[in-house]
Structure formats: structure tokens, C-alpha cells
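S.K.: Can you join these two chains into the complex? Each is in its own frame, and there are hints to help.
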Amino acid sequence: MRASLFLCAIFGACSGPPPPAPAAVINATPSSVCYGDDFRTSIHLDSRGTSPDLTLIYTKPDPDAGVPTTTWTFLGNTCQDRTSDPTCDIAIDPGSVEPSGAIDFDTVTFTMRGDKPVQVSLRVQNAAGGVTETATTISITPLDDAGVCPLPQ
Amino acid sequence: MKRALAIATVFATVGLGRDARATAGTAFSETSRSASLADAVSARPGDAGTILSNPAGLGDLKEAMVLFGSHADYVAQWFRPVGDNASQDRRRGFGGFSFAAATPLPGPAWARNIGAGFALDLPAQYLLHIDVPTRIDQPTSPIYDGRPDRIAAVFALGFRIFPRIEIGAGFALSPSLSLPTNVKYVAGRSPNVNDDPGKSPTGDNVEVRIDSSLDLSAAPFFGLRAQPFDWLAVSLVYRDTQASRATGTQTTVAGGIVASDPIDFFEMWDPATVVVGACAWPTRNVSVSLDVTWRKWSDFRTAFDQVLIPPYQLNDTVSIASGIEARRGPWAVRGGIGFEPSPIPAQTGDTNYLGGNTLVLALGGGIDLRRHKWSLPVVIDAHVRARIDAAESARKNPSALSDADSTLPGTQIDNMGFPGFRSQALMIQAGLTATFFLGGGK
Numbered sequence: 005m006r007a008s009l010f011l012c013a014i015f016g017a018c019s020g021p022p023p024p025a026p027a028a029v030i031n032a033t034p035s036s037v038c039y040g041d042d043f044r045t046s047i048h049l050d051s052r053g054t055s056p057d058l059t060l061i062y063t064k065p066d067p068d069a070g071v072p073t074t075t076w077t078f079l080g081n082t083c084q085d086r087t088s089d090p091t092c093d094i095a096i097d098p099g100s101v102e103p104s105g106a107i108d109f110d111t112v113t114f115t116m117r118g119d120k121p122v123q124v125s126l127r128v129q130n131a132a133g134g135v136t137e138t139a140t141t142i143s144i145t146p147l148d149d150a151g152v153c154p155l156p157q
Numbered sequence: 025m026k027r028a029l030a031i032a033t034v035f036a037t038v039g040l041g042r043d044a045r046a047t048a049g050t051a052f053s054e055t056s057r058s059a060s061l062a063d064a065v066s067a068r069p070g071d072a073g074t075i076l077s078n079p080a081g082l083g084d085l086k087e088a089m090v091l092f093g094s095h096a097d098y099v100a101q102w103f104r105p106v107g108d109n110a111s112q113d114r115r116r117g118f119g120g121f122s123f124a125a126a127t128p129l130p131g132p133a134w135a136r137n138i139g140a141g142f143a144l145d146l147p148a149q150y151l152l153h154i155d156v157p158t159r160i161d162q163p164t165s166p167i168y169d170g171r172p173d174r175i176a177a178v179f180a181l182g183f184r185i186f187p188r189i190e191i192g193a194g195f196a197l198s199p200s201l202s203l204p205t206n207v208k209y210v211a212g213r214s215p216n217v218n219d220d221p222g223k224s225p226t227g228d229n230v231e232v233r234i235d236s237s238l239d240l241s242a243a244p245f246f247g248l249r250a251q252p253f254d255w256l257a258v259s260l261v262y263r264d265t266q267a268s269r270a271t272g273t274q275t276t277v278a279g280g281i282v283a284s285d286p287i288d289f290f291e292m293w294d295p296a297t298v299v300v301g302a303c304a305w306p307t308r309n310v311s312v313s314l315d316v317t318w319r320k321w322s323d324f325r326t327a328f329d330q331v332l333i334p335p336y337q338l339n340d341t342v343s344i345a346s347g348i349e350a351r352r353g354p355w356a357v358r359g360g361i362g363f364e365p366s367p368i369p370a371q372t373g374d375t376n377y378l379g380g381n382t383l384v385l386a387l388g389g390g391i392d393l394r395r396h397k398w399s400l401p402v403v404i405d406a407h408v409r410a411r412i413d414a415a416e417s418a419r420k421n422p423s424a425l426s427d428a429d430s431t432l433p434g435t436q437i438d439n440m441g442f443p444g445f446r447s448q449a450l451m452i453q454a455g456l457t458a459t460f461f462l463g464g465g466k
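Chains as they are written, first to last, in the numbering used here: chain A, 5 to 157; chain B, 25 to 466.
It should be emphasised that the hints constitute simulated quantities derived from the structure, not laboratory data.
Quick caveat, the model's predicted, so the values are computed rather than measured.
Be aware that a few hints might be false.
[What the hints assert, rightly or not] Examples of chain B residues lying across from chain A (beta carbon under 7 Å, computed): (1) Asp-108; (2) Ile-437; (3) Phe-442; (4) Pro-443.
Quick reminder that beta carbons are idealized off the backbone N, C-alpha and C, glycines included.
If we strip away everything but chain B, and leave its shape as in the complex, we get (with noise of 0.2 Å):
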């Protein structure tokens, strides 16, 4: 009683949260226990829906095991510039799925301390979408518009060294796209520019030459966690960034007219973390976790490549988020709560980003089918799961908005959020995880 008090004491302190991670890196794509534990899952024994929170629990694994994961989301999200009655509504909704392989090696006892996974992440709407607005002040949230838009995959090795301890690392593929394109017309090798149907169907005087591509580019993260009694764990993850390009370049030639703009797109999935993270069981069926996350998110770079220079270089942030899971037969409940502040710095310059603090809800449960009557190897669970933004508010700088049209006297202001705007975000998401356990349910 007296250690469930003192661990309850501590996590009730330190307080609670931090943001979403992926099966595989794609936002909002977890499973569905970790989702349930608002994420706070690092320094929990490691399953194939951990390996990127933490490759070292991968050194837990007793027998191979794969799952099937999906989700369903919602994002409400308004902006409105002061003075406007009506919002510009920004809702939209997605889903993805996940999948995920972990097995221990074969073979001398050594072996089986070493644990390898895969894990795949794929949103249902797209492989890879990259939407880059042509203005840079275009209302635009780092945290929800893109970020679920990509497949990733990750590949990890987890490797209990000593018995209480684990070590884990791994690299995660995120595609980029290499898309040169050159335009070219021709003058008088047709008659008429437009197409021509029945015949080509670009026309017999424009050479449009396509030469694109998806590569892929790899984020290592590594991992460490350690037991030193059997009511406590703890870890340390550090995940690189994971960003994807696009770039090319695009030539247009008309005559003597050359127009060549290099094309060069960036997107930010997640940026460079460090985690810190505790778990305990003050009962035998009761856990309780905790992860701390420092996410730098001054890397951000906007769309088009550039660096945000002081003060609208997004700020780094340390979100907090704790869960907790109780067990009894073979179900199970969990809940989780997590805070995650903005890194969004004011927005009184040409960028309207939108964020604000979020709090995060989660509540799920499943069913051991191992513990049950029916003695199945596999576990089935479930989440639902409430992001929910405070409102942001902006008002304008004058001075320090960009001259829309420097051929006219005085400096004219063509910004969306001027003079202010107001902006609140609101994601629901459900999603459903199944596990088979390869080796019969150990």
C-alpha cells in the first residue's frame, strides 16, 4: 500500500501527457493500446505496436506476433479574422491503417534476447500528399494537416542485454519525391497551340518531359529501458526528425522565353525527440506510466523550404502525458491524459500557423482472449480519443507584414489574418487494434 501511494504521489506531482506516436510514424496512427494510454508507453514492456515508442521494449518479446490496427478521425478546426461573422471551416476527415511484426530470433538462448520488428503505417486517403500553398501567410496547422497524409514504415532491433536491461535502435522511411519536369513549346512546329484531339494529346508543340520519383529517406531512433525492481521501469528514446521533400526542377521554355523555378517543398512529420519515461505497478494488475517529451520543433521550416527566423521560429516544447491500464481476467481498461503545449510562437508577422495548448483524452479497453474460456492467441482492443486545442489569438503587426506590391506608394497589406484572427482545433478519433501471437500465446 505504501509503494501505491508513493507512486501515485509521484505521478500525480509530475503531471500528465505528450504527442501522438505512430505504429510506424504516421501521425494519430498508434495502436490502439498505446492511443488508450495517451501515448505514455516508453518504459512499458514492448509489444510489435512499441517499436517506435521505444525499440529496446522489443527485447520483451516472448514469441513472434503481428497486428492489424484501424483508425478514424475527425478534425474540426475554424479560422476566423477578426471582425468576420463567419469561420473558414478547415474540418476534414481521415483514417489509416496500421500493421506490425515483431518476433524474437531463433536459435541459442542469446538469440532469443534479441528482438526485430517492422512496422507499417498506411493513411486510407493517400500514400503521400504534399499540399503547399502558393502564399506563405495561407492559414495552415503543423500539427493536423499534413501529418497523416504519408505510408511509413519503420525497422528496429531491440536487444536485452542484461536481464533488466534493453536496448533498442531503428530507422524510419519517409518518402520524398524528385520531380524535375521541363515544359517546352516549339514555336511553329504546329499550326495551333492548343491540343489537337485525335492526335496527340498534348498537343504537337509543347514537350512536356516527366522524369519523378519516391525515395526514401531514413530517421534513426534509438532506445534504452531499464527494470530495476519489478514495480518499476524506466526509459530514454530519441527519435531523429522525419520530414519529406519535394523537389525538381521545373522549366518552362516559350520561345525565347526561359522560366526555370527550382521546385523545392517541405513537409515536417514529426520533429527530433527525446523521451523520458517511467512506469510502475503498484499492483500486480494495476500500471501506471508516464513519458515526458522534448520535441524540437524550431526545426521547422515552412513549405517552401525556409527557415523561420526569430520570433516566428516555432518554439521546442516538453509535453507530459500518463496512463494508466488495470487488468482483471481477460479484459482490460485503460485511460490516459495528456497536455501538449503550442509550439506556435504569436503570429503577428506574415505566417499564420494555428495551434494551440491541447489537451488529450483517452479512454479504451480489450479483451486477452488468451485469459478467456475460448483460449485464443490473440488480443483485441479498442480506443476512442478526444484532442482538444484552446483557442488561438493573433492580431497583426503592421510593420511587420511583407509590401504585397512594391509599385505602389506605401505598403499595401494583402495578409489572410490581418489585422487578427482566432482559430481552435477539435480531433476525434476511433480505432481498433487485433494481435495474433504466432507462438500459440505465451
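For reference, chain A alone in the conformation it holds in the complex (with noise of 0.2 Å):
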């Protein structure tokens, strides 16, 4: 996300008020891998903490309010099936990918090949027309000196 400020002071107002923002939420398990995991940890990302309203204090969204939509885009080589194709980076569950290639889904798993972090941005569309985007890293970890990786296995 992005902190853009837009000044439209000489010609008057730019645009009318925008649409309500939903709320855009990532929760990613694990949040990191170590360097060159090659495809062995699962990542889980989650966007069921999305809501249809962007409030100061959780509350359960208006059964009314339409259920927001979500959009994932990952920064990288990704692919499906990475053994045929050897320049993926990432490697997305087929079944977190609508047949259109759409990556559209409350949850994605994925792997990655541990060389460099990955960067991972959800678009959050509610009914009412207004967008949040957000976006995480899931992080690399040097191995230690030893060779190992410290991460929790």
C-alpha cells in the first residue's frame, strides 16, 4: 500500500467523494523461508480478515454489504507446474488458480524457490466500487553459519 497525497487546491475540487474502501488483510504462514528452500515449504496466504468496510474496530461485516473480491499478484516467474518450467520462481497451487488463470481466490497456497523474497499484493474490491491494495513479503533467511537453517522446521 501506498501513501499518495493528491493536492487539487487552484482548479477546485478533483473529483467527487470516493466510494467507501474495504479493508485488505494478508495473513501469511509461514511469513518467511530460507534460502534456497527450493520448493519444499508450503506457503499459505489468507485473505478471510478482508473486510467489505475499512473500520477503526473489527466488526462483523453487514450480511448486506456483498462479499468483497480479491485479487492476488505475485511479483516474479510464477507457474503451475514448475517442472516444466525451469525458470519459475514461483510455484502457485493449481488449485488456488481459476481456469482462467485467475488468481482470485480467499486463500492461495504456494512454494518458491528461496533465492529472493516474494512479493505478494492483494486487491480488495468491494460492492460499493472502492479498492484497497495491500501487499507482503514473505522474506528469505540466510542460513546460519553452520550451514543450517534457523528457521523453526
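M.R.: So this is what it looks like as C-alpha cells:
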């Protein structure tokens, strides 16, 4: 998510008020893999904390507010079958991908090569047209001096 | 002929280049004449379009003039982490408009040696756009990202103190944003924390207080221009740093929870600059100019107004530019070439600043309708310019990167540029300037 500040002072209002924004939430488990993971660790992304309204304090979503749509994007070389794509860095579980190729389920599972961090973005749009984007990064943990992964296995 | 050869030798020996200098301070918004000469104009006779390049040139004015300029720009820039097949596309288009007016003072002869000028740059898309990433490692170009996105204005005076010596001074205005914001959740004031359609648009139990203001900060600039011989002029210019800030406190109160984060965003439009220039006329209708520019990029701060410490502090640079102009009747053709070393040091740490050494190539022309059979007090100029950046390559030092999650054992690296990256940019610009002489075209 980026903070953007726009100023339109001379020509008056730039546009009408924007639609109410949804809340976009990503829970990633685990949040880090060791260097050279080589697609061994399965990473689970969960957007079910997302809400159609952005609130200061969590409240149960209005059942009439509709279900917000989610769209996931990954920065890097993605694939579903890494054996057929030697350049693949991010292998998305085929069960997390729509037949059209879109990745828009509540949850997504993937594995990664583990030579660099993977940035994941989540775009959430509510029924009113409000859009919120957020991102998280699955980090890389270098091996310790003994060449062992320091992360809990 | 000897003089022409000597001048050509001097300019060929010294080299060529300089960074973009705007009509009023916005990057890449120079007049067509300045842009087509690669901005090597500080020692040339001044006009309304060179107020910021060298305010001393206002002492050259013979009559009042106004100019209108416009430009369209396209930047193609990519960023590719090592190992990725696809690049992150950072292309963007922008444009802007310029207005400038300058006049010699009326009255006695001594007053006519004083010129006053005003210039205004107006970006086509924003009056002010400060886009602050939430992560310090987000790929950012200090050269192309934010600099074209602000309104800017300059005021200056130039004075011909002796027949061949002029001095000038002025100040450039940059906007800054003050935006203290207070968001308060009043528990129990309403049964529903969310918006209540038909009532207050912000809900009954959330108070939002915003007290924003647009402030102006002034950066001074000074210039000297001397023409010891009819065929040679020299110049010296200093410009102070131009920067904008967005500051304020952002306080969120929810029940017993109070979060107060200071807002302190920073955008450097141009660092402090010293220009040494020369202009020579090998023949009556041909002129060649050279500007050497030192820029204090080491004052650059992150978007969060943090000082960059060595070895990640930006480097001061010396760039060079040269322009040539040939006139025949009402027509003029111009060309310019420049070289700007990159201020970006090796990006081995947390930041991912983008920018390579840049070659500037410019071409332009104009018609002076005062010398045309139409005899109108108007000059029309046009230009195209390319800025070709060399590819930048970086490889990260894992021990220099921050730990992304101190709660986990080991060091977690989430830097967007890890383990390394490549980047490159190309900018293409076209512009048009019309200058109107209000004294009839002397």
C-alpha cells in the first residue's frame, strides 16, 4: 500500500468523494523461508480477514454489504508446474488458480525457489466499488554459519 | 577563422552536458530554446525563459516579453530483480505548461539597465504530487519520479552594473504541505461503528479533523554574467536547494488506544547547484555555449526525511553540457549534447534508488518573425530531446540489509532488490515555445 497525497487547490475539487474503501488483510504462514528452499515449504496466504468496510475497530461485516472480490498478484516468474518451467520462481498450487488463470480465491497456496523474497499483492474491491490494495513480502532467511536453516522446522 | 578554431578547440577539449533546468524550477520544463541547447544557456544573453538559468541575463532585456511554453514527455524505465524474466514496468507520461514574463524597468537610462522577471511552471497533471512509498526499499528514481510533479514559480531581478557585467538575484517558490490530522473514535457514541447511510458521511462516532495548508518556501538564486569581449561571455550561477515537505501529526484515538505518528515526508526537486558557463560567437550567426554544473546531491534525504549515511549517501556530481545555435535570416537551428553522471551510489543496502549515467541529446529550431517578411514581434521555437540512461546494476550485501522480522531466528531479508537488480531509463520530450515581444520587437 502506498500513501499518496494529492492536492488540487487551484482548479477546485478534482472529483466527488470516493466510494467507501474495504479493508484488505493478508495473513501469510510462514512469513519467511530459508535461502535455497527450492519449493519445499508450502506457504499459505489467507485474505479472510478482509472486510467490505474499513473500520477502526473490527466489527462483523454487514451481511447485505456483499462479498468483496479479491485478486492476488505475485512479482516474479510464476507457474503452476515448475517441472515444465525451469525459470519458475513461484509455483502456485493449481487448486488456487481459476481455469481462466486468475488468482482470486480467499486463500492461496504456493511454494518458492527461495533465492529472493517474493512480494505478494492483494487487491480488494467491495460492492460499492471501493478498492484497497495491500502487499506483503515472504522474506528469505540466510542459512547460519553451520549452513543450517535457523527457522523452526 | 583563427578565433573560430580556438573556440572550437576549447569547447571540444572541455566536453559537453548539464542537467535539466526549468523555466521556473519544475524539472524538464525549460523553454524550447534552452532545451535544444542542452540547457547550456547560463552565459548566453538572457530572456524571459532563462530567469532561473541565470537571472543576470535580465539585464540584457531591451523590451518587455512574455512567453508560453508546453512540453510532452515519456519516460520508459524498467526494474528487474536478478533472475526474473519480466521487468517491472515503471513507464510514465507527463507534460506541463510554462509562462514567463520579463521587462526592463521604465524610466531613466539607469533604470532601463534593470530587468524584472517572473516565471511559472504548471504540470499538466498535478499542482503538487508527493507519492511516498511505505517501504524504504521500494525502487525509486530521484531523477524522474517526482520532480516533474509540482507547480513552481520564480521572481528575479537582473542589473547591468557595467556595460559588460550583469548581476541578478531571485527566489524560487516551492510548495510544502502541512496536514495535521486527528481521527477520534468515541466509544459508545453510536451503536454502529460504521457509516450510517443517510446520516453523517463519516459515521456518528468517528471525528475526523483535518487542518491542511499549502505553504510556500523560497529558495534563493544568484547569477553573474560578464562579456569581456564581443565574442565571449562567461557566467557564474548559484541556486539553493529546492525541496517540498509534507508535515504534521496524525493522531488516531480509539478508546484507550492513542496512536500518534508524525508525518514527515520529503521530496527534493533540485539540490544546491553551482554553474560555470561560457558562450562564444565564432561568427556573427553562430554561437557555442558550455555549462559545467556542480550539484550537491549529498543533501538528498529519503522520502521519510531521513539522512542517508555513507556509503549510501548520494554523490555530488559535475555534469557538462554544450549547445550550438546557427542563424540564417529568421531561421535558427540548435543542437545540444550533455553528460550527467549518476548521483546514485552502489545500491548494496536497504535502498533501491534508480539512475545511471545519462547522455542528453537535443535538437531544435525556431523562426523569428521579427525578421520574417511578416514582421511580427513573435518568435516560435520547438525542440525534441532524449535522455538516455546507462543501465544500472546492483548486487546486495546481505549483511548490510535490515532484519525484516526480529521475532524470528536469523535475519529475514525482504528487500525488493535482493539479491540484485538491473534498471534503465529513457526519456523522450517534445516541446514548443512562443515568445511575444510587447515593445514591437526591437
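S.K.: Now tell me if each hint is right for this structure.
M.R.: Here is what the structure says about each hint:
1. Asp-108: Because about 6 Å separates Asp-108 of chain B from the closest Cβ in chain A, which is inside the 7 Å limit, the hint holds.
2. Ile-437: holds (5 Å)
3. Phe-442: holds (5 Å)
4. Pro-443: Given a least distance of 6 Å, the restraint on Pro-443 of chain B holds.
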